[in-house]
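Undergrad: If you want the building blocks of each chain, they are given just below.
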Amino acid sequence: MKRFTELIAQLEMSNKTNDKIAALVRYFNEANDLDKPYVIAMFTGKRPRRPVSTALIKEWAIELSELPPWLFAESYHSVGDLSETIALILPPPAKTTDLPLHQWINALQDLNGKDDESKKKFIVNAWDSLDTQERFIFNKLISGNFRIGVSNKMLVNALAKQSDTESNKIMHSIMGKWKPDEISYQELIAGAHVDTDRSWPYPFCLAYALDSPPESLGDVKEWQAEWKWDGIRGQIVKRGGELFIWSRGEELVTDQFPELHFLVDELEDGTVLDGEILSVKEGKVQSFSTLQQRLNRKTISKGQLESAPIAFYCYDLLEQQGIDQRGKTLGIRRKALIEIIKKIKSQGVLVLSPGIEVGSWAELALLRADSRLNNSEGLMLKKLDSLYHSGRKRGDWWKWKINPYTVDTVMIYAQKGSGRRANFYTDYTFAVRDGEQLITIAKAYSGLTDQEIKEVDAFVKKNAIEKFGPVRTVKPELVFEIAFEGIAESKRHKAGLALRFPRIARWRKDKKAAEINTLDDLRQLLNSTL
Amino acid sequence: MALIRFSNKGIYCEQGDFYIDPWKPVKLAVTTHGHADHVKWGNQAYLCHELTKPILLHRLGAELNIQTLRYREEININGVKLSMFPAGHVIGSAQIRLEYKGEVCVISGDYKVEYDGISTAFEPVKCHTFVSESTFGLPIYKWLPQQLIFDQIGNWVNNNQEQGKTSVLIAYSLGKAQRLINGLKDQDRPIYVHQSIANLNDAFIQAGVALPETIRISPEIRKETLQQGLIIVPPALADGRWMKTLQQAATGVCSGWMQVRAGRRWRSADAGFALSDHADWPGLLSAIKATEAEKVFVTHGFTATFSKYLNEIGIEAEEVKTQYGTEEEEIETGAQENPEIKEEAD
Chain G
1 MKRFTELIAQ LEMSNKTNDK IAALVRYFNE ANDLDKPYVI AMFTGKRPRR
51 PVSTALIKEW AIELSELPPW LFAESYHSVG DLSETIALIL PPPAKTTDLP
101 LHQWINALQD LNGKDDESKK KFIVNAWDSL DTQERFIFNK LISGNFRIGV
151 SNKMLVNALA KQSDTESNKI MHSIMGKWKP DEISYQELIA GAHVDTDRSW
201 PYPFCLAYAL DSPPESLGDV KEWQAEWKWD GIRGQIVKRG GELFIWSRGE
251 ELVTDQFPEL HFLVDELEDG TVLDGEILSV KEGKVQSFST LQQRLNRKTI
301 SKGQLESAPI AFYCYDLLEQ QGIDQRGKTL GIRRKALIEI IKKIKSQGVL
351 VLSPGIEVGS WAELALLRAD SRLNNSEGLM LKKLDSLYHS GRKRGDWWKW
401 KINPYTVDTV MIYAQKGSGR RANFYTDYTF AVRDGEQLIT IAKAYSGLTD
451 QEIKEVDAFV KKNAIEKFGP VRTVKPELVF EIAFEGIAES KRHKAGLALR
501 FPRIARWRKD KKAAEINTLD DLRQLLNSTL
Chain L
1001 MALIRFSNKG IYCEQGDFYI DPWKPVKLAV TTHGHADHVK WGNQAYLCHE
1051 LTKPILLHRL GAELNIQTLR YREEININGV KLSMFPAGHV IGSAQIRLEY
1101 KGEVCVISGD YKVEYDGIST AFEPVKCHTF VSESTFGLPI YKWLPQQLIF
1151 DQIGNWVNNN QEQGKTSVLI AYSLGKAQRL INGLKDQDRP IYVHQSIANL
1201 NDAFIQAGVA LPETIRISPE IRKETLQQGL IIVPPALADG RWMKTLQQAA
1251 TGVCSGWMQV RAGRRWRSAD AGFALSDHAD WPGLLSAIKA TEAEKVFVTH
1301 GFTATFSKYL NEIGIEAEEV KTQYGTEEEE IETGAQENPE IKEEAD
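In order, the protein sequence lines correspond to chains G and L. Taking my numbering, the leading residue of the first sequence gets 1, the next gets one more, and so forth. Taking my numbering, the leading residue of the second sequence gets 1001, the next gets one more, and so forth.
The shape of chain L in the complex, shown without the other chains (with noise of 0.2 Å):
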């Protein structure tokens, strides 16, 4: 009996009956991060990261029956020991570890291999069967190192207030935006986030976590006052009435998405920066490869170019269809008629 299968309704455990990241009600959710694709509202029992608890929370709502580790911290459900480790995605994001009768499987979530500065850093774990995604599983996609599309960042700001623009940035609320917030924190200029974000920032801090600080936006703020600063809004606040009234908003798009230049004239954003949660493709071939995994299963992104590279190169893969996401643009363009998606998605 394989330690893991795929079901209609999630990654299923028999041996421990548990799920990871289900789509549909279960007893026992064990749960990779908060992002709403990989969390969902009904089930009866959450298993997470002691940092995921906040978000779950905060988004799920208080009357919620959470367990948390800590990573490396091993519990046993019904013979199969269990232990999360870092997957570098967001705040509280975990690989999940079963391990049974000696066979281990790692079911990675989503994850980065670049350090973010925010969320622990991505370790890999070996392994006999990993679950990868694949949501920038081709090769166009690689990513510059986090600090120089900081200075890029900076850079657009210092021109937009040259030219009397307010500069915002597009970033998901969950992830992004504390990745932002702590990369530009150097830059010595005001951040001004949307409530959103702010929201999830205090649940963050509360649960100790150390981010620079951030003002809440509120209609008291003369906009004379936020065109001296930085502006991040989610996405789903891009196209909305507030921009407009804004001096002259520049709009700077962070998503891996803006690597093409397609993707960034269709967001029509005035600038798009490349920053990504998620593994380029050398960090998921590195990260992979690192598993020694004797069979790996891609989910969620470019599924089928992905599974068919890895098999190529001599490592096992099959193409698993799960509602992370059943093809590489639903993400992307999804998410435009459905903000609550977009969120989560990159």
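With the rest of the complex left out, here is chain G (with noise of 0.2 Å):
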């Protein structure tokens, strides 16, 4: 634990990619070795079930600090983080410890199913035995939630080179189906597994937004392009009779989608394509908002199976007969892959993600310039003979998005952020003018440099109005341009619509509050995207 400890205090004092590669190294060299396999689930989210629920744990905490629970909130807002407020605010420790990592890990798995006396038996001594850094830790192992800014590539990186091995094997390898109490450090980097276990996923290949003009990219006939979905990016895999649908974000999500369970028995074994999930009515897209419905839920209803069909759209053909096909080129792929998909009798469920056919770069700009008709984000360019690459790598695939909406407007509310930016003011919300009224459209906390930042921060400062617990409310003066992918209608909010994925785009210093957007001019645009 305290090795472990240490290594998290490393990677969180540097910025530096090679600082923490380096850090990341000298722990797997150095480490228990029981305790390497846990440290890499960890750091590529695999979550085990969480034992205790954060409502117990904080009122643990409160009760063991013997603050009023306010005071404890207080002092969660100006920390950031729920572990890290309970880590500084619990009494000292009385005793000391060092059990290894993995025994921590293992002693909290054991109290699933126990009862809460038993579990605060367990914890309110966990934190009587370790220090302020320790007890960080213990309670980060406890929500699981380990975001310490460790990429997976960034961790691949390191066990290719603590291990000398190739980083494309270890990046399958513990992509795959693993539990780190059944295999060893050195099983997990020789990928022993993944022979034997058919769900693995392949790692996804990435492409880069297109940053100069296409022409650039040579012969348009060299290049394949697609519309580039706007959904979830997945893997199916069929292998051994089963059937396994991965998220990009590395999730199964085979149960969520119970359209496409069906092809267990229409794809032969040793196939795993790659492409979107989709809701797709009557063979046409649906927006990113019907989809959403379909996410993150347990159990899906006959309604959302009604209003909300899935489809797939397939990209790409990564294995076929059991054999990885990344080695071929992206034309070899395509024609296996519209032969798979021929042979599948129901129909628009597994569908090929259409090619565009266009005889000159300015003929796809001008089909690109309307993709939002068919509720795409723009267009993906891949070359012919471009291999599967894992990862992110420029040149061979790009994407060409088009621009995001913009609308102006003036922030009227403030609030801390966190990590990082606990102390600042850094999330704020937006309005546009309705009448004479300002009203609410969106939240945003990024697109703004350190300093502007800082700027920003001392306008609330100087012209908070009003409190409202962690809330300042601000004149409304300063204006900024908000970049969203979409709107929608919303009874959950006051405007009656909800914009998706907005950000500060530019502080708007030229413009002053009386120029900004207004609520109709939102509504007219929401009418001509339905």
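FYI, nobody ran anything at the bench for these hints, they're computed from the structure. Hints are not guaranteed to be accurate.
To list a few chain G residues with every Cβ distance to chain L over 10 Å, as calculated [as the list claims (entries may be wrong)]:
1. Lys58
2. Lys169
3. His193
4. Gln304
5. Ala308
Straight-line alpha carbon distances no greater than 35 Å define the calculated DSBU-like cross-link-like pairs of lysine-lysine that follow [to be verified]:
6. G:Lys16 with G:Lys281
7. G:Lys16 with L:Lys1244
8. G:Lys2 with L:Lys1027
9. L:Lys1142 with G:Lys461
10. G:Lys16 with L:Lys1142
We put the CB at the ideal spot given by N, CA and C, even for glycine.
Each of the two chains sits in its own frame; use the hints to bring them together as a complex.
TA: What follows is the structure, encoded as structure tokens:
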């Protein structure tokens, strides 16, 4: 536990990827072998079942600290992280211990199913045996939510370096289905489990945004153009008589999409397809807001199956007859993919994402301008002779998205951020004009530089009108251009509509609050997209 | 008539017609300590502890009309008995005790309860009314004993040396810098200080304070030599060009704000050491309880939160707006814009 705590401290101390990789390599050189698979599981977001609810943890921490709940809440607002708040607020430990990490994790897992009294006894005793830093780690272990600025790619690179293994293999291995208590570090690095395990997906090939005119890519005939669909990127894996659906977030989402389950009978064993999970009605791709009704639900009602039916638009073929196809060119993979889809009896659920045939880049640009008409985000350009890469690589695949919508708004509320920005006003609420009133339409917290954040922060402090807990009402003066990807009707919002993925495009210091957009402007936009 | 009231110029004692730490020019400014948010230029006369005098002369100019007191020495101003008691914040820092017709009021300025080895140790003073800061008035702020922090710093410097890095500690030039110099003296490694710190050290040494030896940084000192020692610079230099000329500078910020991860990451230092010259949460509470005050006025810091809590535990408290800092984070964030303020905040 102490060594792992040290690792976390080192990872947090530096913003440089190389320093972080070096810290990870040192850790995997020195740490207890039994701990290592657990650390890999944590950093790749493999969450064990949460043994104790946040509410209970909070309740016990408040009780032990002998503080009123409101003061705990104030402290939490200032710290910006619950695990850390609890670690700081508890009385100093009376004991010390140096149990290895995996034993802590297993002990926590053993709490599942026990009564609250035994859980409390264990947690309280642990808190009393760990120093502030270790407590913070321990609390993170309970939540299983270990976001510490280590990307999968970074972890894979560190493991590859430490074990002198190809990074592709490691990515493959750690993305599959394994349990840290059933596999050793050496087995994991060697990918011992991936042969026997049927479900493992391939790392997705990702694209960078096109940052130069498409003409710079050469002859349009050497490229395949497709719509860039706005759904959930996924992989369908059929092996050994079983069907698995993976999302790009490396989650198994098979159960969420029963419409696709028939494929277990129709796809050949040893087939892996890359594509997009979309809501499709009568052959028309629906907006993301329709698909959203279907996401992250434990049970799906009949109504939801009818109002947001699912289809899978296929982009690529990664495995056929159990053989990895990624080393073949896109042209060859695509032909084989077409044949596979042809054989499917039920029409309209497993669909080939259509290619767009054009004679020139200019023609393609015209089609792209209308992307929103079919609820796509723009185009994907893929080189016909490209291989299927692991992860993001420049050159072979590009996303050529349409520009987002924008609206000029005025900031009316501000709230302090969390994490690194816990003591700055970084979360803002924006409004447009509705007659004489200002009406809230979006909340956003990204898109400003640190310098701009400081400026806005100073403005908020000088111009705060009212306090509502952590929220400050501010003079409506600062104008921001908000970019967003879509607009939908919403009963939940006062404005009657909601923006999708709003973020600050820029601070319009050149504009006055009188010049912002109106709610009518947005309603018109909504009507034009229906 | 209350012994003190809070005016738009500072804390005012009407009976004695003087102000404590005024932020606008007045006839007589009674000064708790030499940080810039507590003492301004332009007052007709100053009354401070004898070790604050060299700081005022150094910072505000030589032409000041300054009267000094020792700790516990008492003078009478129009019937008000005034004396000073150690606040433990920085060298020369004092709590101001006022007594008139049996009523006692103590204005503590900034204080900490842990003895730092160089500022005279804080001494609680019984009173009816106590004015307290609340810079770290949240229960998340609990300091480790300073020796543990000095040990951490020592280990950090050793690690840096092994990796060929130059260790640079970021610390306010008045207070924190001297505390570090004193606390790290036994680690047997040369300490190089920026001239703003060296100038203050000289002023202290002239006034008779025993400070361990340090070396003033000058362009003649080779970077390889600096790498073998430890450098202390004020926050204003933390992002400066000079740092880039060092051999792989590793920066360590010494401030109470480093207690929280967000604070460490925001400063993007390589290391953060939670070492503060302000009282932590238990320190504030113990100090206030020891005064046995009937009424506590809470100034700069987490004023609203801290006074609410005091009221809940049965100590009558009131939040007071001063210009020592109107909201908790101004101390830290406002400081980023203005090195002048940053110097003094913590």
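Undergrad: For each hint, tell me whether it holds in the structure or not.
TA: Structure-based check of each hint:
Distance check for G:Lys58 against chain L: the nearest CB is about 14 Å away, which clears 10 Å, and the non-interface claim stands. Distance check for G:Lys169 against chain L: the nearest CB is about 31 Å away, which clears 10 Å, and the non-interface claim stands. Residue placement check: G:His193 keeps its beta carbon more than 10 Å from all beta carbons of chain L (closest about 35 Å). With a cut of 10 Å on Cβ distances, G:Gln304 stays outside the contact zone with chain L, its closest approach being about 40 Å.
No Cβ of chain L comes within 10 Å of the Cβ of G:Ala308; the nearest lies about 39 Å off, and the non-interface call holds. Under the criterion of a C-alpha separation no larger than 35 Å, the hint pairing G:Lys16 with G:Lys281 is inconsistent with the structure, at around 47 Å. At most 35 Å may separate the alpha-carbon atoms for a hinted pair to count; G:Lys16 and L:Lys1244 meet this at roughly 16 Å. With a CA separation close to 58 Å, the supplied pair G:Lys2 and L:Lys1027 exceeds the 35 Å bound.
A C-alpha spacing of about 27 Å is found between L:Lys1142 and G:Lys461, which places the hinted pair at or below 35 Å, so the restraint holds. Proximity of G:Lys16 to L:Lys1142 is assessed by CA-CA distance (about 30 Å); at most 35 Å being required, the pair is judged to hold.
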